[in-house]
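The lines below spell out each chain.
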Amino acid sequence: MTHTAVGTEAHPFPGERPVTDAVVREHNLNAREYAEIVAMLGRTPTLTELGIFSALWSEHCSYKHTKPILKTFPTEGPQVVQGPGENAGVLRLPEGWAVAFKIESHNHPSAVEPYQGAATGVGGILRDVFTMGARPVAVLNSLRLGPLDEPRNRYLFSGIVRGVGHYGNCVGVPTLGGEVAFAPGYSGNPLVNAMCVGLLRETDLMRAKAHGVGNVLLAMGSRTGRDGIHGASFASEELSEKSEARRPQVQVGDPFTEKLLLEATLELIELGLTVGIQDMGAAGLTSSSAEMAARGGVGVELDTSLVPTREAGMTPYEIMLSESQERMLVVAEPHRVPAIQAVCAKWELTATPVGRVTDDGIFRIVHNGTTVAAIPGERLVDGCPIYYPEARESPVAVARRSAVPSGPPAADALGALPLLLADPTIASKRWVFEQYDSTVQAETVLGPGGDAGVVRVPGTTFGLAVTVDCNQRYVTLDPYEGGKAAVAEAARNIACTGAVPLGITDCLNFGNPDKPEIFFQFREACRGIADACRAFGTPVTGGNVSLYNESPTGAIDPTPTIGMVGLLADVSHRVPSHFQAPGDQIVLLGTSAGHLGGSSYWEVLHRLVGGAPPPIDLDAERKLQRLLAAAAERRLLRSAHDCSDGGVAVALAEAVMGAPYATGTLAAKVRFANPARLTPEALLYGEDGARALVTTLPGQVSELMTLAAEHGVPAEAIGRVEGPGTLEVHLADSHLTFAWPVAELRHGYFDSIPRRMTEETR
Amino acid sequence: MTWRVRVRILPRTGLLDPEGQAVEQALAALRFTGASNVHVGKAIALDVAAPNADEARAKARAMCEQLLANPVTEDFDIDVEPAGSA
Amino acid sequence: MTWRVRVRILPRTGLLDPEGQAVEQALAALRFTGASNVHVGKAIALDVAAPNADEARAKARAMCEQLLANPVTEDFDIDVEPAGSA
Amino acid sequence: MRVAVIRFPGSNCEPESKRAVERAGGEAYFVWHRDTSLGGADAVILPGGFSYGDYLRSGAIARFSPIMEAIRRLAADGGPVLGLCNGFQILCEAGLLPGALRRNAGLKYVSRPVDLRVERTDTPFTNAYAMGEVFRVPVGHGDGRYAAPDAVLDELDANRQVVLRYSGPAAPDAPANPNGSVRDIAAVCNREGNIVGMMPHPERLADAALGSDAGHRVFESLVRYSLLATR
Ligand SMILES: Nc1ncnc2c1ncn2[C@@H]1O[C@H](COP(=O)(O)OP(=O)(O)O)[C@@H](O)[C@H]1O
Ligand SMILES: [Mg+2]
Numbered sequence: 001m002t003h004t005a006v007g008t009e010a011h012p013f014p015g016e017r018p019v020t021d022a023v024v025r026e027h028n029l030n031a032r033e034y035a036e037i038v039a040m041l042g043r044t045p046t047l048t049e050l051g052i053f054s055a056l057w058s059e060h061c062s063y064k065h066t067k068p069i070l071k072t073f074p075t076e077g078p079q080v081v082q083g084p085g086e087n088a089g090v091l092r093l094p095e096g097w098a099v100a101f102k103i104e105s106h107n108h109p110s111a112v113e114p115y116q117g118a119a120t121g122v123g124g125i126l127r128d129v130f131t132m133g134a135r136p137v138a139v140l141n142s143l144r145l146g147p148l149d150e151p152r153n154r155y156l157f158s159g160i161v162r163g164v165g166h167y168g169n170c171v172g173v174p175t176l177g178g179e180v181a182f183a184p185g186y187s188g189n190p191l192v193n194a195m196c197v198g199l200l201r202e203t204d205l206m207r208a209k210a211h212g213v214g215n216v217l218l219a220m221g222s223r224t225g226r227d228g229i230h231g232a233s234f235a236s237e238e239l240s241e242k243s244e245a246r247r248p249q250v251q252v253g254d255p256f257t258e259k260l261l262l263e264a265t266l267e268l269i270e271l272g273l274t275v276g277i278q279d280m281g282a283a284g285l286t287s288s289s290a291e292m293a294a295r296g297g298v299g300v301e302l303d304t305s306l307v308p309t310r311e312a313g314m315t316p317y318e319i320m321l322s323e324s325q326e327r328m329l330v331v332a333e334p335h336r337v338p339a340i341q342a343v344c345a346k347w348e349l350t351a352t353p354v355g356r357v358t359d360d361g362i363f364r365i366v367h368n369g370t371t372v373a374a375i376p377g378e379r380l381v382d383g384c385p386i387y388y389p390e391a392r393e394s395p396v397a398v399a400r401r402s403a404v405p406s407g408p409p410a411a412d413a414l415g416a417l418p419l420l421l422a423d424p425t426i427a428s429k430r431w432v433f434e435q436y437d438s439t440v441q442a443e444t445v446l447g448p449g450g451d452a453g454v455v456r457v458p459g460t461t462f463g464l465a466v467t468v469d470c471n472q473r474y475v476t477l478d479p480y481e482g483g484k485a486a487v488a489e490a491a492r493n494i495a496c497t498g499a500v501p502l503g504i505t506d507c508l509n510f511g512n513p514d515k516p517e518i519f520f521q522f523r524e525a526c527r528g529i530a531d532a533c534r535a536f537g538t539p540v541t542g543g544n545v546s547l548y549n550e551s552p553t554g555a556i557d558p559t560p561t562i563g564m565v566g567l568l569a570d571v572s573h574r575v576p577s578h579f580q581a582p583g584d585q586i587v588l589l590g591t592s593a594g595h596l597g598g599s600s601y602w603e604v605l606h607r608l609v610g611g612a613p614p615p616i617d618l619d620a621e622r623k624l625q626r627l628l629a630a631a632a633e634r635r636l637l638r639s640a641h642d643c644s645d646g647g648v649a650v651a652l653a654e655a656v657m658g659a660p661y662a663t664g665t666l667a668a669k670v671r672f673a674n675p676a677r678l679t680p681e682a683l684l685y686g687e688d689g690a691r692a693l694v695t696t697l698p699g700q701v702s703e704l705m706t707l708a709a710e711h712g713v714p715a716e717a718i719g720r721v722e723g724p725g726t727l728e729v730h731l732a733d734s735h736l737t738f739a740w741p742v743a744e745l746r747h748g749y750f751d752s753i754p755r756r757m758t759e760e761t762r
Numbered sequence: 001m002t003w004r005v006r007v008r009i010l011p012r013t014g015l016l017d018p019e020g021q022a023v024e025q026a027l028a029a030l031r032f033t034g035a036s037n038v039h040v041g042k043a044i045a046l047d048v049a050a051p052n053a054d055e056a057r058a059k060a061r062a063m064c065e066q067l068l069a070n071p072v073t074e075d076f077d078i079d080v081e082p083a084g085s086a
Numbered sequence: 001m002t003w004r005v006r007v008r009i010l011p012r013t014g015l016l017d018p019e020g021q022a023v024e025q026a027l028a029a030l031r032f033t034g035a036s037n038v039h040v041g042k043a044i045a046l047d048v049a050a051p052n053a054d055e056a057r058a059k060a061r062a063m064c065e066q067l068l069a070n071p072v073t074e075d076f077d078i079d080v081e082p083a084g085s086a
Numbered sequence: 001m002r003v004a005v006i007r008f009p010g011s012n013c014e015p016e017s018k019r020a021v022e023r024a025g026g027e028a029y030f031v032w033h034r035d036t037s038l039g040g041a042d043a044v045i046l047p048g049g050f051s052y053g054d055y056l057r058s059g060a061i062a063r064f065s066p067i068m069e070a071i072r073r074l075a076a077d078g079g080p081v082l083g084l085c086n087g088f089q090i091l092c093e094a095g096l097l098p099g100a101l102r103r104n105a106g107l108k109y110v111s112r113p114v115d116l117r118v119e120r121t122d123t124p125f126t127n128a129y130a131m132g133e134v135f136r137v138p139v140g141h142g143d144g145r146y147a148a149p150d151a152v153l154d155e156l157d158a159n160r161q162v163v164l165r166y167s168g169p170a171a172p173d174a175p176a177n178p179n180g181s182v183r184d185i186a187a188v189c190n191r192e193g194n195i196v197g198m199m200p201h202p203e204r205l206a207d208a209a210l211g212s213d214a215g216h217r218v219f220e221s222l223v224r225y226s227l228l229a230t231r
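Chains F, A, R and W, in that order, are what the protein sequence lines are.
Residues 1 to 762, numbered by this note's numbering, are exactly what the first sequence covers, in order.
Residues 1 to 86, numbered by this note's numbering, are exactly what the second sequence covers, in order.
Residues 1 to 86, numbered by this note's numbering, are exactly what the third sequence covers, in order.
Residues 1 to 231, numbered by this note's numbering, are exactly what the fourth sequence covers, in order.
Just so you know, the hints here were simulated from the structure itself, not pulled from any lab data.
Remember, predicted model here, so these are calculated numbers, not experimental data.
Worth double-checking, as some hints may not be accurate.
To be verified - Away from chain A, derived, C-beta distances all over 12 Å, residues of chain R:
1. 7
2. 14
3. 48
4. 56
5. 71
6. 72
7. 77
Claimed, not checked - Ranges of calculated distance between the beta carbons of each label pair, as one might list FRET restraints:
8. F:23 - R:66: 35 to 45 Å
9. W:155 - A:84: 48 to 58 Å
10. F:32 - R:22: 46 to 56 Å
11. R:22 - W:169: 15 to 25 Å
12. F:213 - W:22: 20 to 30 Å
13. W:37 - R:36: 47 to 57 Å
14. W:169 - A:62: 47 to 57 Å
15. W:169 - A:65: 34 to 44 Å
16. W:37 - R:22: 20 to 30 Å
17. A:52 - W:34: 30 to 40 Å
18. F:71 - W:2: 30 to 40 Å
19. W:155 - R:22: 24 to 34 Å
20. R:36 - W:40: 52 to 62 Å
21. A:62 - F:311: 52 to 62 Å
Each residue gets a CB set at the ideal place from its N, CA and C atoms; glycine is no exception.
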């Protein structure tokens, strides 16, 4: 017989179900975890306590499968103000400014209800950033869906895009970029990753810590309803028939209230009225209060009967686990409460005292005077068992890596380009970003449709470049190289605008980690990310893990999305992605080895996702990044576009077709010396890393070539931009010439997604 | 025969209805007393060809389930009357 | 006494109703035959306290005229029944 | 020139509207929607955003805000009033401008640049443009389709109350008119010409450092108008 620890008696809430084995299983807690809980409490937990453990010990909150690996990420650097562990990471900028940024997934909610799932995903990430005292200045989104020929995928895509758009639009934060890819592995389990970037004065940074015994906890914002109960553990299980039955939990977003909450929160922080503040995200009141207490090394006592609810008769269990949106938890000194309430009232919100900071370290919940939960706080947050899953690459994956195409391609080297450009993964995402406000706040220097978005920091001349990237095909085929490639591509996109990469946030979307082949993908991809970040000096400042992305048809492709920010020292140095004017000279930077393994070309022309993806030379990437920044600073670049999916041919076509709303089109004449005598397919569509396609004024070519040589970056002047007409590519070794009418390419590229989306049904 | 079908689609009870709340508050601000429990949804009116009212209703129900209403977040009800009678 | 009031607001006839058209096309694409004249508007449901049905209706009409409907582009109709009867 | 920029709950373009006025040499300040006085403003801007979340209809709830009475009075005295995007929607809902703004014909929010043709240069907000000139600024709205009964439209044309029309195409594959507005109407004014509502966002492109300041002259017009008026 064990003894109940002092101060941890708790009683079941009248009418609540007794805790049986079945109830424990329903809460996604295994036998080992349950035994830990019983040992920790010295008694059977109440249902409310079980619910609290279930939420905090879910993968989403506890990182129980992933912590040891996440610890291997580089997190330090002179620019780091706040690394992982807070609501968002923070990096230092010039002139006393700092940038707070974070990415998060909302995959499962979006699979069930795409519009609300995606909308609340954006709402949550905005709150993560403004609780730090930062004003959100940009949103990005990374989406993965099954192929658009399935009606359900079209329905999901359309709902997700509307949801992402409406929420950001309504709150008044520009959506500056993102990515969308389509692959069969995401049918039934779409991915919605949302990133938010905010600005603050470094001295105003607010951390989510409760301290000061006797301080008051206030619930601020929306009332608590029965929506989203158990969202955190829902996010940590595979999607199945059962998920359908979880539909009543759908959370509904209210961006209008979010906007008020944003203004009120920033005002409270600016006036110094709070000790700590955190949004109620996954696991709602439970995680916000428990994590704030643990960070501050204190206990808390909450009285759930004081929490404003939407419906009468909510139980403490429901109140603690609700994921109703647009709520914050504020910690403040008691004498500040009236001032806090006055600020909230001005923004037509309420802030209600619901608890206090205590000195006994216990996480205690009372309801109308009855203690319904009392758990040692630190062990609640940190005591979840850590797992070290087995990692083993599957033989299928090994075989796929050495696969080569059998049979002829669907088209020859000439016909391949239009096919690639019309492939929905490569095609223009204008249909998507046209639904996102990208100019509100009037600081947008480069909007969506290029390599990275750029916003100016208000009142200064410098800007932030932002991007999200991941090529899941590479990660599927070689998780380590794929992880490196995701960071390298993000950095290349940032560098193409003229900016210097500063740091990353990551959203690690994988399948069930208990399967060795999945955990292998996870471990190796993280190793690749860590190596790339170390090489580039871009620390990981935070992120999010989303496991169990599986549907009855299997796991998703491993998708470690990288969100990156970079600094553009002067926005007048910005470099657009598209060609600017006839006469400009085209230079290809980097080495072309004609690598077709894992390429879009094989996928689209041979229907083969196979082969080894291009190995990423981190040193070459770093040199290219430095060169691009240096050339931009000297105003040598009229445009710069990285070579990624579809190789140099797709990059050329994208640059020549022009910006999404360019009024006139251009053309180009290009000649490749091709000394290595690559096949036309390998030369045009090979996907080697560390390359970018740039243009410069005719008089500046030699200066650019000299600068490239100084930076150790191979450079080849390959042609010039022409007036409207055809994109002409000549291969000097074989005397082959390819010509593509630009207007036709443009039509295929811009029309591909809208054409597929005309029919929107469920 | 043609039937005039009217579908009313409202947010499922228990789900947050921010639009309903906003309208409720606006009504109060306009000094309309005694208005409560306000919910805002969609109204759809259409003509449906069917041999009888029951079949028109069944057709409308199928339309709601497959297209008009979102089964995850909305409930609907259907009115049917002979076209031209309203 | 409390009345359950349901308001239906539809685009004024003659004005373009792209949402109605889109729904009509989507129904056809789903092979729902015989649906025509589709219009999409708003449904509002609310409880109104009033001594009798006529006053509840009059109140609702005033709410529509002042707030719920836009007289330039929308028409409305109102249903009243005792609350709790539905 | 003192310009009151009204903040409704859910407005979100007020900082850039204020900055645009200041860049043109005017003085601008925020006025909260619950206030009843404009604080001695010479002109008013109702900014873009989602007042009251655009619930019910865009602008429908905001038009009852206490500050609207003061705006009516200033407008009745001939004071310049500009509604941008959501501000335009509010002015229509309030009956200060004719017509209504309905769901975009494409049924989607639309965010992109549009080309606008100037149809009137004698308003307080367009006098720095040349008649027939075309300029490019962004739109960002879900409910921007201008609609009115035919009789009202004919009257608008007869009285030259259309201030800007979509003109285009914005790109080979993007139509001129982004939302299906009747007669390509992007901005209208009242009969007297002192109240102007427009769906596009000139305040978002009023700073050359962002690549273009095509919208700047809307604000320059206002400042210039006040100099002419006081002379
Ligand atoms: N979901 C999205 N949201 C907003 N913008 C997007 C989205 N998807 C793509 N874009 C825009 O289109 C650009 C090109 O996308 P992509 O082809 O993925 O580029 P890259 O290969 O350079 O990352 C992105 O940089 C972004 O600006
Ligand atoms: Mg790129």
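**Prompt:** Can you list which hints this structure breaks, lowest number first?
**Reply:** 1, 3, 4, 7, 8, 9, 12, 14, 16, 17, 18, 21
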